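Chemist: So the sequence lines, in the order shown, correspond to chains D and X. Under the numbering used here, the residue at position 28 of the first sequence is numbered 28, and the numbers go up by one with no gaps. Under the numbering used here, the residue at position 167 of the second sequence is numbered 167, and the numbers go up by one with no gaps.
These are computed hints drawn from the structure, not numbers from a lab. Source: prediction; values computed, not measured. A couple of the hints might just be wrong.
As the list claims (entries may be wrong) - 27 Å max Cα-Cα, derived DSS-like pairs, lysine-lysine:
(1) K130/X to K153/X
(2) K92/X to K51/X
(3) K51/X to K78/D
(4) K43/D to K78/D
(5) K202/X to K212/X
(6) K5/X to K153/X
(7) K43/D to K153/X
(8) K202/X to K153/X
(9) K113/D to K92/X
(10) K2/D to K92/X
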Amino acid sequence: MKILISSQGNTPDSAVNPRFSRAPWFMVYDDALQTWTAFDNSKGMDVSRGAGIQAAQTVSDLGARVVISGIMGPKAYKAMNAAGIQIYIGASDTVRQALEAYQNGKLTLADEKSASGV
Amino acid sequence: MSKIKIAIASGKGGTGKTLVAVNLCRIASESHSVAYVDCDVEAPNGYIFLKPEFTESLSVQQRIPLVDLNRCTGCGRCAAICQFHAILCLHKEVMVFPELCHACGGCMRVCPENTITETGRVIGHIDIGKADSIHFIQGVLNVGEPMAPPLIKAVKNVSHEADLVILDSSPGTSCPVVETVRNSALVVLVTDATPFGLHDLKLAVETLRILKLPFVVVVNRADAGDREVFSYCSQEEIKILAEIPDDRRIAEAYSRGELIVESIPSYRPLFASLKDAILREADLNSGRSK
Numbered sequence: 001m002k003i004l005i006s007s008q009g010n011t012p013d014s015a016v017n018p019r020f021s022r023a024p025w026f027m028v029y030d031d032a033l034q035t036w037t038a039f040d041n042s043k044g045m046d047v048s049r050g051a052g053i054q055a056a057q058t059v060s061d062l063g064a065r066v067v068i069s070g071i072m073g074p075k076a077y078k079a080m081n082a083a084g085i086q087i088y089i090g091a092s093d094t095v096r097q098a099l100e101a102y103q104n105g106k107l108t109l110a111d112e113k114s115a116s117g118v
Numbered sequence: 001m002s003k004i005k006i007a008i009a010s011g012k013g014g015t016g017k018t019l020v021a022v023n024l025c026r027i028a029s030e031s032h033s034v035a036y037v038d039c040d041v042e043a044p045n046g047y048i049f050l051k052p053e054f055t056e057s058l059s060v061q062q063r064i065p066l067v068d069l070n071r072c073t074g075c076g077r078c079a080a081i082c083q084f085h086a087i088l089c090l091h092k093e094v095m096v097f098p099e100l101c102h103a104c105g106g107c108m109r110v111c112p113e114n115t116i117t118e119t120g121r122v123i124g125h126i127d128i129g130k131a132d133s134i135h136f137i138q139g140v141l142n143v144g145e146p147m148a149p150p151l152i153k154a155v156k157n158v159s160h161e162a163d164l165v166i167l168d169s170s171p172g173t174s175c176p177v178v179e180t181v182r183n184s185a186l187v188v189l190v191t192d193a194t195p196f197g198l199h200d201l202k203l204a205v206e207t208l209r210i211l212k213l214p215f216v217v218v219v220n221r222a223d224a225g226d227r228e229v230f231s232y233c234s235q236e237e238i239k240i241l242a243e244i245p246d247d248r249r250i251a252e253a254y255s256r257g258e259l260i261v262e263s264i265p266s267y268r269p270l271f272a273s274l275k276d277a278i279l280r281e282a283d284l285n286s287g288r289s290k
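The following block holds chain D by itself, in its conformation from the complex (with noise of 0.2 Å):
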């Protein structure tokens, strides 16, 4: 399985981005093989309207069934909760200390209330 953390670089030990759809990477680790990937997502950091869905297609087509972010805004989380991707928010620290956290059962699985975006 493919749990994806939004990141402020482009390592395991790059910083969290609390904004989920704006976030300049996404850091993808896959749980059967322990590899982690980086992917750029500088394209959704400028776009000026619908970056949380354009977001959710980049996770749909990345593969991923679980996301781990600071903040969700509404349209990122009803594409995703639509296509049936569990969202987990709250993280922080590193992308390694979220998986850590996500894995300990630490984090807040996001509902339609939390994804406001703020």
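Dock chain X against chain D, hints included.
Modeler: This is chain X only, laid out in the frame that chain D set:
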């Protein structure tokens, strides 16, 4: 006489577009059949000053795609062509985000299964009425709607019998302004004599030059800031048709929702000569383009 369309725009907000537009309308209505068209659909406020009686209200719809999910194969071509991320295809789940749709119809064209049709979505309404002899038309965008241009287009298409049309624009230089000033005989840029006013005036001038539209400048609160706007205009050979002084009485009358040409009659000549100058410029430019 054919219709003359004059757009009042600015760049910077709060420079006095509506002040100029409504007072111009009142003065011009003494000699012409005038229409005031409020294209600042996110915050129309001309009605406060002209106090129209509305007789008609039209709802304005935008076309959005409707996907027949029973026949959709989830190929994703609709999502790939949409430049505005208004349609999304995740595996077999197709979602439309109506507020992002620009109604281009691209998704319908590329769908190999022809599963996409169009439906309407109300984005705002148009109020139509009269303020004495002035034909009054305003667009009102629904709260939260991000896209003004389709409504502005509809507002501009409302038919009326006036021969002089004053279009009151929103501030800035983005799509709503471009939609408002499009096809105008002349654009009047209202600025104030401050560094902010000048900065945004330059942006507006650049925009209008790209659009190849003739424009002139009115300087509001002309004696309040510095002289930079004046040196810029003379350097760029831009005509300044009027200077409105920084007069507390104007601000007070405006804040009470009054027309300056009525509550401070000493300003009548300023607006009357501005009207004449604008008509002269518009005429000059229409001659030039022929």
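Chemist: Against each hint, give a clear statement of whether it holds in the structure.
Modeler: Structure-based check of all given hints:
1. For the proposed pair K130/X and K153/X, the alpha carbon gap of about 20 Å is at most 27 Å, so the pair holds.
2. With a CA separation close to 53 Å, the supplied pair K92/X and K51/X exceeds the 27 Å bound.
3. Taking the CA atoms of K51/X and K78/D, the gap is about 44 Å. The hint is violated against a cut of 27 Å.
4. Straight-line distance between C-alpha atoms of K43/D and K78/D comes to about 21 Å, which keeps the hinted pair within the 27 Å bound.
5. Taken as a hint, the K202/X and K212/X pair is honoured in the structure, with Cα atoms around 15 Å apart against an allowance of 27 Å.
6. Distance hint between K5/X and K153/X is fulfilled; the C-alpha atoms sit about 14 Å from each other, no more than 27 Å.
7. About 31 Å separates the Cα atoms of K43/D and K153/X, which puts this hinted pair outside 27 Å; it is violated.
8. For the proposed pair K202/X and K153/X, the alpha carbon gap of about 26 Å is at most 27 Å, so the pair holds.
9. About 25 Å separates the Cα atoms of K113/D and K92/X, which keeps this hinted pair within 27 Å; it holds.
10. Simply put, K2/D and K92/X have alpha-carbon atoms about 19 Å apart, close enough for the 27 Å limit, and the pair holds.
Figure legend: structure checked against the earlier numbered hints; hints not met, in rising order: 2, 3, 7.
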